[in-house]
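Listed here are the chains, written in short residue letters.
Protein chains: 2
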Amino acid sequence: MAYNIPSVDKLIDKFTSLPSIGRKSAQRIAFHLLSLSENDVKDFADSIIVAKQKAKYCKCCQTLTDTDVCSICSDPARDKSLICVVESPQDVMAFERTKEYNGTYHVLHGLLSPIDGITPDSLKIKELLYRVTNEDVKEVIMATNPTVDGEATAIYISKLLKPFEIKVTRLAYGIPVGASVEYSDEVTLIRAFDGRQELD
Amino acid sequence: MAYNIPSVDKLIDKFTSLPSIGRKSAQRIAFHLLSLSENDVKDFADSIIVAKQKAKYCKCCQTLTDTDVCSICSDPARDKSLICVVESPQDVMAFERTKEYNGTYHVLHGLLSPIDGITPDSLKIKELLYRVTNEDVKEVIMATNPTVDGEATAIYISKLLKPFEIKVTRLAYGIPVGASVEYSDEVTLIRAFDGRQELD
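Quick mapping for you: the protein sequence lines, in order, are chains P and W. Heads up, the first sequence is in the numbering used here, so the first residue is 1 and it goes up one at a time. Heads up, the second sequence is in the numbering used here, so the first residue is 1 and it goes up one at a time.
With the rest of the complex left out, here is chain P:
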C-alpha cells in the first residue's frame, strides 16, 4: 500500500525494484534512510553515483575494476598462461576466496541463452579470443555454472577454441564436500561416478 507521500513512495518503489528486496524490506529501508542525518543520506546516495562512474570492465579480463587493468591482471605473480572463464565478477571473487588459483580470469558477463536473446555477441567472447590469439595462453578452464546455459556456453566456447590447439578444461562435477550421497540428485551421482579418481 502506498503512503500517499510521493517522494517516500518513489523511494520505496525504487528499493522494491532491487533484487532480493521485498516491499516490506523496502519500507523498512526507506524509513531507516529517512531517519539518518542529511549528510549520511547524501553520502549513501553519492556512493551509488561514484561506484557507477568509476567501476568499469578490466581491459584484459573484463571483470569489474576502477582502474584500466584490474589488480589480478596487473599482478606479475599471476600465471598469465592460465585463463579461468566465468560468468560474472562475483564468480571471480568465489575463486579468489579459495586462495588456491594463481592464474587469471575472463568474465563473460552472462551465459548464452538464445531464449532470452543472449547470443555470443552479447558476451565478452571476442575479448577472450583476442587474448588467446595475442597472449601465450596454455590452458583455458571453463568455469561456468553446471546449468543448461552454463554447459551450452562452455561447449560453445570450447569449440571456438579448438583451432588454437590449447588445453581447454571444465571444472569437475561431483558431490559437494560435506554433502551426503543419500540426498544427492541422480545426475550429480552419475557425474561423480564418471569423474572418479584413483586414490593414492
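Please note that a few of the clues may not be correct.
Mimicking DSBU-like on lysine-lysine, the simulated pairs with C-alpha atoms at most 35 Å apart in a straight line are [said to hold, decoys possible]:
hint	chain 1	residue 1	chain 2	residue 2
1	P	Lys-24	W	Lys-54
2	P	Lys-54	W	Lys-99
3	P	Lys-10	W	Lys-124
4	P	Lys-99	W	Lys-24
5	P	Lys-80	W	Lys-10
6	W	Lys-124	P	Lys-42
7	P	Lys-56	W	Lys-42
8	P	Lys-126	W	Lys-42
9	P	Lys-126	W	Lys-124
10	P	Lys-124	W	Lys-24
11	W	Lys-126	P	Lys-42
12	P	Lys-24	W	Lys-99
13	W	Lys-24	W	Lys-42
14	W	Lys-42	P	Lys-42
15	P	Lys-10	W	Lys-10
16	W	Lys-99	P	Lys-126
17	P	Lys-54	W	Lys-10
18	W	Lys-10	P	Lys-56
19	W	Lys-24	P	Lys-138
20	P	Lys-42	W	Lys-56
21	P	Lys-10	W	Lys-159
22	P	Lys-80	W	Lys-24
23	W	Lys-42	P	Lys-159
24	P	Lys-59	W	Lys-42
25	W	Lys-59	P	Lys-54
26	W	Lys-126	W	Lys-99
27	W	Lys-54	P	Lys-42
28	W	Lys-59	P	Lys-10
29	P	Lys-56	W	Lys-54
30	W	Lys-54	P	Lys-10
31	W	Lys-10	P	Lys-124
32	P	Lys-10	W	Lys-24
33	W	Lys-10	P	Lys-24
34	P	Lys-159	W	Lys-54
35	P	Lys-24	W	Lys-42
36	P	Lys-10	W	Lys-162
It is worth saying that the hints were derived from the structure and are not from the lab.
Position chain W relative to chain P; hints supplied.
Showing chain W alone in chain P's frame:
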C-alpha cells in the same frame, strides 16, 4: 570479502549497513545497480536525496509527509476528537489498511526505553499534550506495541493525560484472528481471558 575495488566495496558496505540486508544481498544489489544505465542509477540515487529533502513530520500528528500537514490531519472527514497514539509512521499505515478507523493519529517516533537513553523528551509527547490542550479531544487510544517498552510508554502517557479528564483507552490484547489457542503463549491467553466479551 572485499572486491579490492574501493568504489564498489564502499557501495556494498553502504547497503550492508541497511536493515534487513546482509552482505550477500548487498553484493547482489551493488552488481545489479552497476548493470543499470547511468540515468537509471542517477534516478535511483536522486530518489533517496529527494525523499530525505521533502519528507518531514506533519505539524499536527508528526507522521511523515511532504506537505506541512499530512493528508489525514487535513481531511475534514476525519474525526479530530479521536487520537490514536502509535510508535511510527509504519503503524499509521497498518491502521489505515484496515479502512475502519476514522480518527487521527499521533506518532511518537519511538518508545520510552531508559536503557537505550530514550526519555520522554526524545519522543513527540509534548506535541501530543499540545493537541490535547488546544483541540477538542474526546479520546486517546494508546496503540503502542504490546511489548515492555510499548506498555511502559502507554502507561506513562496515560498518566500525563489524567489531568485532562479525557478518555484514554488501550488496544485489546488477545489471540490473533486465525491463530490457535494451542500455540498461543500463556500471557496472551491470560489477557484474552481477562478481556473476554459477552456474545450477543
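Checked against the structure, which of the hints given earlier come out wrong? Violated hints (numbers, rising): 2, 9, 16, 21, 23, 25, 34, 36; every other hint is consistent with the structure.
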